[in-house]
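Undergrad: Sequence lines, in order, name chains A and B.
With our numbering, letter number 179 in the first sequence gets 1031, and the count goes up by one each step, no holes.
With our numbering, letter number 57 in the second sequence gets 442, and the count goes up by one each step, no holes.
Treat the hints with caution; some may be incorrect.
To be verified - Calculated pairs, DSSO-like style, for lysine-lysine (alpha carbon to alpha carbon, straight line, at most 27 Å): (1) A:LYS1034 with A:LYS1113; (2) A:LYS1109 with A:LYS925; (3) B:LYS456 with A:LYS974; (4) B:LYS514 with A:LYS1078; (5) A:LYS900 with A:LYS1146; (6) A:LYS925 with A:LYS905; (7) B:LYS456 with A:LYS1068; (8) A:LYS973 with B:LYS456; (9) A:LYS1216 with A:LYS1146; (10) A:LYS1126 with A:LYS1140; (11) B:LYS514 with A:LYS965; (12) A:LYS965 with A:LYS1068; (13) A:LYS1034 with A:LYS1126; (14) A:LYS1094 with A:LYS1028; (15) A:LYS1039 with A:LYS1094; (16) A:LYS1057 with B:LYS456.
Hints in this document: simulated from the structure, not taken from any laboratory.
None of the values given here were measured: they were computed from a predicted structure.
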Amino acid sequence: MKLQRMNRRALALGALAVSGALALTACGSDDTSGGDGGASATANSNIKCDDAKGQLQASGSSAQKNAIDAWVKAYTTACKDVQVNYRPDGSGAGITAFNQGQTAFAGSDSALKPEEVEASKKVCTDGQGINLPMVGGPIAVGFNVPGVDTLVLDASTLAKIFDSQITNWNDEAIAKLNPDAKLPDLKIQAFHRSDESGTTDNFTKYLKAAAPKDWKYEPAKAWAAKGGQSAPQSSGVAQQVKQTSGAISYFELSYAKDGIKTVDIKTEAAEPVKATVENATAAIGAAKVVGTGKDLALELDYTPSADGAYPMVLVTYEIACDKGNKADTLPATKSFLNYMASEDGQGLLADAGYAPMPTEIITKVRETISGLS
Amino acid sequence: MDITTDSHKPTPAPAPQQPPTAEAKRAARGATRPGDRIFLGLSRGSGIFVLVIMAAIAAFLTYRASIAISKDEANFFTTFEWNPSGIPAEFGIAVLAFGTVVSSIIAMVIAVPIAVGIALFITHYAPRKLGGAIAYVIDLLAAVPSIVYGLWGALVLVPHMEGLFGWLDQYFGWTGVLDWNEGPPRSLFTVGILLAIMILPIITNVSREVFRQVPQTHEEAALALGATRWEVIRMSVLPFGRSGIISASMLGLGRALGETMAVAMVLSSTFDINASLLNAGGGTFAQNIASKFNEATPMGRDALIASGLVLFVITLLVNGAARLIIARRKEYSGANA
Chain A
853 MKLQRMNRRA LALGALAVSG ALALTACGSD DTSGGDGGAS ATANSNIKCD
903 DAKGQLQASG SSAQKNAIDA WVKAYTTACK DVQVNYRPDG SGAGITAFNQ
953 GQTAFAGSDS ALKPEEVEAS KKVCTDGQGI NLPMVGGPIA VGFNVPGVDT
1003 LVLDASTLAK IFDSQITNWN DEAIAKLNPD AKLPDLKIQA FHRSDESGTT
1053 DNFTKYLKAA APKDWKYEPA KAWAAKGGQS APQSSGVAQQ VKQTSGAISY
1103 FELSYAKDGI KTVDIKTEAA EPVKATVENA TAAIGAAKVV GTGKDLALEL
1153 DYTPSADGAY PMVLVTYEIA CDKGNKADTL PATKSFLNYM ASEDGQGLLA
1203 DAGYAPMPTE IITKVRETIS GLS
Chain B
386 MDITTDSHKP TPAPAPQQPP TAEAKRAARG ATRPGDRIFL GLSRGSGIFV
436 LVIMAAIAAF LTYRASIAIS KDEANFFTTF EWNPSGIPAE FGIAVLAFGT
486 VVSSIIAMVI AVPIAVGIAL FITHYAPRKL GGAIAYVIDL LAAVPSIVYG
536 LWGALVLVPH MEGLFGWLDQ YFGWTGVLDW NEGPPRSLFT VGILLAIMIL
586 PIITNVSREV FRQVPQTHEE AALALGATRW EVIRMSVLPF GRSGIISASM
636 LGLGRALGET MAVAMVLSST FDINASLLNA GGGTFAQNIA SKFNEATPMG
686 RDALIASGLV LFVITLLVNG AARLIIARRK EYSGANA
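Using the sequences and the hints given, assemble the complete structure.
TA: Structure below.
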């Protein structure tokens, strides 16, 4: 059909641009891969390339960008016939591109909506788009309060802070949770994202689930509460926390660097939980699979009571067809997804500030990937 | 290339060194030769091409915007909300229109007097060499990409605004408009200052060119009547250049209205209007589109396009108003001098 031909032409054009970009970047990555020597060479030996070759186009969530970069680097050193191109355009754009048949898989911070699944049936012959949870991440709450090194907050206090109901750091509610801290008389500058973001979506889902009385807004990618300050991108809000006295904001753990301190969250467990990769994996372990059939969409538990389970987590899914993947990219798609879900692939995540999937879930993901057709 | 040496002339060509004959000159003026016809066609085509492009943009914006607005459950013009992917979809442009207009006005109030001052200094006060150097530096400012202004604004300008904001709050806080709650100074006021710096070069450049065109005789006449240098400027230069200054300001205003990345990086945007210019709040059309586009659903994208259409209309109105003002002051335009 005419439409399909148009798409193919767009794909070819895209592929051309991508191969050009890859050719340019290839030199750069060659140089650095020489540096980490033996470790990556041994890791690569476990990668199964099978008969994968050609261009693998993907796009979507920017939250998992750093993880994908690490995977692509290791994978393409082992499987030289495959070129993977992941564009971090955002979850919405990723799903749109996937449902138009432009990409082999998409990355998304939230599972497919029913109408998106319906739309995917046009691209997946006899099948539909399914969610494969692949990358987890703790959403850290970073703060900048002079003289305070550790800070404990619970969901209700967080909700009030981000809804401008608690406006000073020496507020009673904060003092009660931190009896030992010397809280200054300082205005709270709560920063949220000015762009739409999966991080905001997951953060507000947590607030809504854990403190429904204090957070009256519906969870969404766009910030709903009035007041407060804003900045673009995770790097932007992290930068503001660093340079503004009295600031507090939320971002993926990997952005909490250069001396940004993070809040310990008081859950129903005995001890407040620190924002770490292990604690996030523990919380994702409590998630239920709610997808039907091969779909592995998760329902996260935002109020875990287990010790050391960090409640504010974000899971990014890779979205592919269960049946009816394009024949020319199927081997590469399966091979790359397999590597992402493998022990080696998941092992890379912690170094990049992400949480690997719990064993129980990743086992199901591996089974599902081997069944893709 | 000298036109008289053109080998395509129909009349027998004179020797290249000889001055052109009267016949050749007449032939060059006529519109019958192929070169002229081709040029006429090209220029007419370009003119029509611009109109077609503008019409196509307007049609595209209107079509997509109408899709979004028809599904908008809230009033498009008065709602302080931007949630086009929500159920029900609710979004409005009140905050964006306010932020765009206010930040541009602040930018114009700061930039126009300074730009006119610089242009006058370069053309009438500075020694020729110094004026040339200043003009060159100002030109360079125009070549700095807006993302660089944004980075500079976020990392350098914003932290240094606290002193000014504190002073304004202390002495003018009672007005309410200049009240500051000691948040980070990432407000419409800071954006206005940043935009002022960004539009300075274009206003300065055009004003400078206009001031250069002031007929020598006007100035000499004023001087002959015993006017001081300032009086010469007030009586002959400024009135002559007024329409030029207005055009220059409108070019600058166009830039300020549409500035995207720098605003997105500096403004602490929130979807409500804050009466105080120093506190966080507001947003601009371009900034909102830049920050919302990546994650937008198809509906969200159409809503952003609808907001883009409003910016398009505002810009058209501003330019139309400028043309009206200039047309009324035709007697001073360069063509009649």
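Undergrad: Does each hint hold? Answer for all of them.
TA: Evaluated hints:
1. A:LYS1034 with A:LYS1113: holds, 16 Å
2. A:LYS1109 with A:LYS925: Distance ~23 Å between A:LYS1109 and A:LYS925 Cα, so the pair holds.
3. B:LYS456 with A:LYS974: holds, 25 Å
4. B:LYS514 with A:LYS1078: Between B:LYS514 and A:LYS1078 the Cα gap is close to 54 Å, so the pair fails against 27 Å, i.e. violated.
5. A:LYS900 with A:LYS1146: holds, 23 Å
6. A:LYS925 with A:LYS905: Status holds; Cα separation ~16 Å.
7. B:LYS456 with A:LYS1068: Roughly 25 Å between the alpha carbons, so the hint for B:LYS456 and A:LYS1068 holds.
8. A:LYS973 with B:LYS456: holds, 26 Å
9. A:LYS1216 with A:LYS1146: Measuring from Cα to Cα gives roughly 9 Å; hence the hint holds.
10. A:LYS1126 with A:LYS1140: holds, 23 Å
11. B:LYS514 with A:LYS965: Between B:LYS514 and A:LYS965 the Cα gap is close to 67 Å, so the pair fails against 27 Å, i.e. violated.
12. A:LYS965 with A:LYS1068: holds, 23 Å
13. A:LYS1034 with A:LYS1126: At roughly 20 Å apart (the allowed maximum being 27 Å), A:LYS1126 and A:LYS1034 satisfy the hint.
14. A:LYS1094 with A:LYS1028: With a Cα-Cα distance of about 25 Å, the restraint between A:LYS1094 and A:LYS1028 holds, given a limit of 27 Å.
15. A:LYS1039 with A:LYS1094: holds, 16 Å
16. A:LYS1057 with B:LYS456: Status holds; Cα separation ~26 Å.
Going down the numbered hints, you'll see the structure goes against 4 and 11, while the others check out.
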